[in-house]
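Protein chains in written order, with this note's numbering: chain A, 1 to 241; chain B, 242 to 1088.
These are computed hints drawn from the structure, not numbers from a lab. Cβ coordinates follow ideal geometry from the N, Cα and C atoms, glycine included. Treat the hints loosely; a few may be bogus.
[What the hints assert, rightly or not] Computed spacing ranges between beta-carbons, pair by pair: (1) A:R186 <-> B:L622: 50 to 58 Å; (2) B:D1080 <-> A:S137: 31 to 39 Å; (3) B:R1003 <-> A:A183: 33 to 41 Å; (4) B:L622 <-> A:D77: 37 to 45 Å; (5) B:R1003 <-> A:N9: 28 to 36 Å; (6) A:S137 <-> B:L622: 32 to 40 Å; (7) B:Q551 <-> A:N28: 54 to 62 Å; (8) A:S117 <-> B:V573: 52 to 60 Å; (9) B:F669 <-> A:S137: 48 to 56 Å; (10) B:E1083 <-> A:R186: 26 to 34 Å; (11) A:D77 <-> B:E763: 56 to 64 Å.
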Amino acid sequence: MTAAARIVNGTKTYGTGDAAVTALRDVNVQFSGAQFTAIMGPSGSGKSTLMHCIAGLDRLTSGDAFIGDTRLADLKDKKLTELRRTEVGFIFQSFNLVPTLTAEENINLPLSLGGRSGDREWIDTVIDTVGLRDRLSHRPNELSGGQQQRVAVARALASRPTIIFADEPTGNLDSNSGSEVLAFMRRAVDEFGQTIVMVTHDANAAATADRVLFLNDGEIVHDMANPTADRILDTMKSIGS
Amino acid sequence: MIKLALRGARANLGRLILTLISVVLGVAFVSGSFVLADSLRSIFNQVSEDAFAGVDAQVRGASNDMNSTNGETPRFNDDVISAIANLPEAEYTEGGLFSFERAYTIDANNEVVRPTGPPVFTGSWSGPSPVSSFRMIEGEPPTGQQVVIDPVQAERGGFVVGQEITVSLPTGEPEVFTLSGTIDFGEGGTGGAFFILFDLPTTQRVLGLPGQIDSVVVSAATGVSPDELVTAISAVLPDNLEAVTGEVVIGEQKEDFGTFINIFGNVLLGFAVVVLFVSTFIINNTFATLVGQRTRMFGLMRSIGASGKQIMQMVFIEAGSIGIAASGLGLVGGLGVASALKRLFSSAGGEFPDGPLEIRTRTIVVVIIVGMGVTLASAILPALRASRVTPLEAFRTGGRASRPLTVRIALGSAVLLLGLVFMAIGMFGNPGGTSATLALIGVGGALTFIGVSMLSAMFAGAVAGFIGTPVAALRGVTGRIARGNASRNPQRTSSTVTALMIGLALISGVAVLTRSILDSFEEVLNESISADLWIFETNQGLEFSGLLVEQLAELPEVDQVAGFSPTAIRIGDEVLTATGFDSTTGTSVVNMGIIDGTAEVGRNGIAILDSVAEERQLAVGDQLSVEFEDGFVTTLNVRGIFDDAAIAGADWLIDRDLSREHRITDAITFAGLTYAEGVDPAVGRAVVEATTAAFPQLSVQDNTEFQEEAEGQIAQLQVVITALLVLCLVVAFFGIVNTMVLAVLERTREIGLLRAVGMTRRQLQSSVRWEAAIISLFGALLGVALGLLLGWAAVIAIPDSFVSKLGIPWGQLVVYIIVGGLLGVVAAWFPARRAARLDVLEAISTQ
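Chain B on its own, in the form it takes in the complex (with noise of 0.2 Å):
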């Protein structure tokens, strides 16, 4: 039996192998996925161990729920550190003080050198030391007006140690520094991030932070264990900080790292599934179209004694070869896919530090349980219906009878229902955790495409030969007959289109919500808009200095201005953001709509969203009380309620000079301005310019400038995601060939005749393309209007707040259509030809 089945797959190896193309597309994505993570853990895993390898235990502001909103640790003061030195059991102490997008090196055209993704870090370094993270490279550590540079930033600024350069500070201007040597994080380079290190005095100063530090860094002395050190060390500690041991420190490393690229690494999976589901339905389609052609031969098997159950094994062993092909096959891809998504993060930005792959046995054993899954689960069905051929139809001639279709209109209906109820609860309901509001969304988008896919075959036929009609009126009796082959049979119709429909639906449902989420900002922009100018961040909307508000502030040519920070804030025991603004004129510059009371909320006001306050009953002239991240806890009286959060980005609005105090840092991350009466507005913007040259880092842009550069964001982040969908119209593309080869192979007699009653080879290539091209049409047009649905129902599911009305790409839509078309016509190249040359003598006499 094993025998036979193999026999049967290399019978039809042409066949298998374009579906075994398919599924080693979906298998290596998953295995790429894992192998990225897993390398891009291990390389951050070592930089962890290495950059605190020496250290026994760390002091740090006692960890509080509110205060990582900006990545920024507690500050504290620096006499813990002679402290901590007196002790016995510690054997070398350092202060150490770190902030993040604070400062950058200018280079000799005045532009900014910075990295594409990572962050650049300013801090203080004492020189190598027993715990030093750090490594010098080249010259000497930094002292007084010294700065040290990691060896990338020096080479794209194109700086040398010892040539003096210069350094933009967060606290105003322009300092130059002389570059003392260059230092590596750890043993394993900088991970893309950038590194700005100064002594600490000197970093406590252009932070603006004097006397202050983030942690100190302790090794114990000989025969004292980190243990003990860290009790030692807490006992001279006061309450506001904490010691923990070196190991502790990496765990935490390691963690955040993780954190990080398990969330990537899902993403990831999370389009490997979508590939695979896709690849499920060509896999099926091609066992079922296999069996429905060797019926005869099932049920010959059959009559000289051949049980059901095994011919439904000898179905199984095939699927189980192409699996296990696939996984192999697979499982190396997936080195391939690993490289090649790295290039196109880095592509679009991101940047990822070397280091060799990792393929590790969770991840070869996980490949071949997908690999082989995916594939006998989607013969499943086939090989059910190959063990039912009875004997008899070993005899039986001509066509099989279609089964009839109310089964399956059933079972897609219920089908369909269940998935679209799944995805509601997920959208609507309150599953609980975003994991399962995701796995929700995510099983009842599955269900909706099976279900969808079981019902097309429904009007798969009547659909395709409406579509046909323009081209069997125009190809004459080449484009009727291929109109007639689409339509001929629906329920293959359907399942070869699936693939297309769910890849074109998911990157048309995409470019929905992108337009959507354009047009919602727009017209938020046009709105609630009263700035002339703003000034952001440009990388990342980072944060910046705030003292750049009253530097602008001075300036006669602007009349208001207004700087916006996000701040934590406790209420009860959640933990919320609130923007603080400038509240005298902040109205000037963002209009956020204010329907009670007013937005100039003062010290000891707040003001609150329509919706959040209706949902906690709370209205002008009630009290909160609010805690704030530096433990202050003051009771804020609700002064407004607005409807429009678009701009001001939160639920809760409070006065900047609350937030200020209570803050890590004095930091804004945007702020608008509008300019005084009469100023030219290309005075007024020169002028601000000029101010903001200190901080090279950001952005001044007008409305027009701001709406063009969010728009070329929210698409280039379009691009990366409809790059990865383009996987699904990959598999897709295969499966069009698969179903047309199995089309002409099947048709080889009708071709013979077509042929021999004067068919040129040209018309029957034509007629083989038009066929394929409506058959992806109307896949095309089912994912199209699927992807509408869907980006219509992200619309409604996302708050009010990001997305506010549909907006729908007419342009990109149709072009998608087109491209569906197209993908056919190419598909179906290959088959046309082979079609094309069958010798009509032999295809005739086809039984």
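In isolation and in its complexed conformation, chain A is listed as follows (with noise of 0.2 Å):
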């Protein structure tokens, strides 16, 4: 089976001759399906552009990226855009929601942009797993920050992308509103087999994934399986010192 994500001999740099920044140097990684990741790092290692790279939002400098079996570097802006529509779905630190729509509407975002219903059944099924039943009708406005981020969870599940990606999902949420976030994003890993990539600063949050990437100057440095916080911590100390 192939992975639902991968990068093959990825590179990225910013910028030429003497002011070139290398974000990525030929990152081999490849994320399976049914499967948590956490990717971690310090500041500046590379974490965000890797998902990025990934995710369709930038492409790398050589190097391939796959979605599935679709290389990305063979899709003009339209396909590509069509792409994240529908394989990719997302899950921002902040910011998540079409302030001008209600929650339902935002759930429904990404299914109808491109003018599908999508299956209802799944959705309110994604709906009650998030407990959003009695605030669809909501604008993001009058939804607190953790049920925002529930929405945003439930948008990115709704279309069943081929893979879920997550930058800081619980930064700015109270700890209680995180492991809330956390716990369904774990379900939906677990119940439904998605497949979910996270970026974080958090060791707690990294240890509910599956497996935690460490990054450091554009490479990955460790790959571990199974984490806890504990490990995760010394890990980021080993890469910090």
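Fit chain to chain and form the complex, with the hints in mind.
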């Protein structure tokens, strides 16, 4: 079975000449289906770049990024956008929702952009799972931060994408709301077989994952399976030093 | 602080440039109005000075407030010429006779040669002399059966000096004259007017005024001052004549031209003020948005020690720099506007003499004051708001809470009410004088617009949401997002479309008024006209010889014919206009709706419009003392009361025989006739046209043609006014571009999010354009609705004799609404592209 997403010999350089900064150096990584992966690393280690490049938000300078079997470099903007709409789910740190749309419209957004209604039964399941049934007609500014992030999780799940990317999804939340959101993500992987890649600074959050990748200086320096918070912190320390 | 403000201005350059354009347009229109009026004034002043350069004294009929009705001056016996010439104080004496729109040259195709706007003068000239206003260009002065004309007329008619040309004459049959030469008026051309000049005896003969002149110009003998000359001449003049110095004549000429130019310049300025007014909303909106977007920066500056006053100064300096730039560009742009306006009016029928464009210091000063003033005034509220930003706001994230609307609603209602009261006083009250009325209506209108603009924020969200409903239904989530964005910031939506609203309100108000005038006119034609044919001067409804009525009456094909001539009368100390008409035949061509007595007033009778009779408490059987322009005073019996003044065009009707005897000329403005029984209209018309052929300036039309022609003329006027008002729409256009650019910028992050979760560029563009379309449709609907109100108010305010019923041009209004919507779509083109080109990643990581 092919991986949900992978990068082959991925290098990303910003700028040219003396000012050139290499964010990714010849990275090779695969994300298997139905797995929850966390990416960690100090600021500037390239973890966000890695995520952006596999998610089709940014392009590699050299090497290849794939979502399923699709080579992203082959796609023009329109196809790439459509791929993000159908195959990729996003959860951002903040400002996840379109303020003029209701919670329900936000959840359906990627589907309606493609003119599809999606699998209603599945969407109902998702809505119930994140516990938003009674908040559907609310606008984002009428929801708490935690609720907003749950809507974002529901949106990411709604189209049953090949892979979901989460960029510090709990970074702006208090610990209770944060754990709730992490719990939903965990359930999405365990119960619904979704694939999630999450960038985070938080060792506790990363400990919810099945696997943790450690980046430093644009390279994957460590790949940890079945992580715990303590092991993660130890590894982080060793990278930092 | 200045540096910081200028940095701020530079950082927001793109957005400020759009604002700049809207100010520049208004300022350029102001400067253009001044430049054009000043240039015309200089040209005409020069013409006056040149024309009377050698004249030390002029003799004319003593002025009388009634005899200026038709621009004709009083005539008098030519024997004063010799009396003056015999004075030792007089060096050179020349008598002259002038009239206008009486004779025309006829070209090879038997067509009248005439200018598009200015009149054709017919008069006498005895050749170059110190007192002559004319200059020989080519050939010889006219004697006997000879004529001289101006070179423009010669060129247009294809005439060459020496050739025989046909001239139509007011007294009847055209005659053939030899073109002996061409002339110029003063040094500077003829200002677009045409001249047809004969020697004095021929002029007197062709104008049907034997032995009469209307002026004598005299130059003083050596050592005699103009004042001494005037004194000497006055001693030999009869009572009804007066002598004045050349300087006085030049002054009066300048004043005459000046009055016309002032009116013209003020009308242009009026439009300019409207455009400026509209652009203040754009500037205000831009600054409000810029201040809003920089709240955090202002908060930061406050927290590091800037005072609220300094923040305010910063906004003002930014506004000031825009004002200065706009004034400079506007001044230069004014030159372009002035020449563009010249062209616009030329194409609409007027013709302006050539001459350099003139920028006076006054224009520069006014333009700078206006440009700076408008920009700074528009920035007051945003600057105040900026100064109130607290240091704490530097640390506040997320959207600003929108301010409560209560204050705005209270203030808006007050302003609206005040505006309506002003307008009502202007329209129905008696504020004293036209300028007071206009000022009240103008200020009232401006306040009304401001009030509506403020109040519209109250319902902008709901209405935009409503307009957006079909869009949301048809365009799916793209449409829903467009609709949501259009209604999310009602305050901004309403101030963005204020310019569009005002522009369309004025344009559709004019359209409603035009339709109403035409409908009223049609009603009048259908109800009160029984004439089969109308005869009138084609171009400007000028007067023509009353002889034609007698000639037509003799035709066997014609049953009844009546001529109508406006006549100045004085009742008490008021100078009024009565219509002289052939009272025995008049009622067979026009039904003036006699409700009491008779229309056959006879030589010693008068008929009165019912409303006027009521006001003056006059009834059939009463008597009135009436004075005519020649000083004749008589007592007239009130013989009839009528209720339809529309065709007769006056409140008073007298017999034409009476009017003819006491008017300067026996001329009429129109005649109507009915065919004799059993006459085939085609035959009757052919016979009538054969008779009027001697007067090639006349048009013969039946009711339908008459109506079509009137519609055409009024529609043309509407086109010119609309063309000037379209400038408001141009300003509005930039306003919408501006808002959309700002909105896109403000929503960068949201756009990034939308793109990330799968919105294509095309979908994004479409959503921005629909948003603009919804916003502009809101403005257009509001504008057209206000326009309907304006038009309706105008129909009520204007006397019934002119407009009696409200006509609504639905088709045009619908077109205006669609145009308004399209304006938004086009305005959003660039902002939409810009939004679509945003880099997803950068957009989403914007703070």
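(message) Tell me the hint numbers this structure goes against, listed in increasing order.
(response) none
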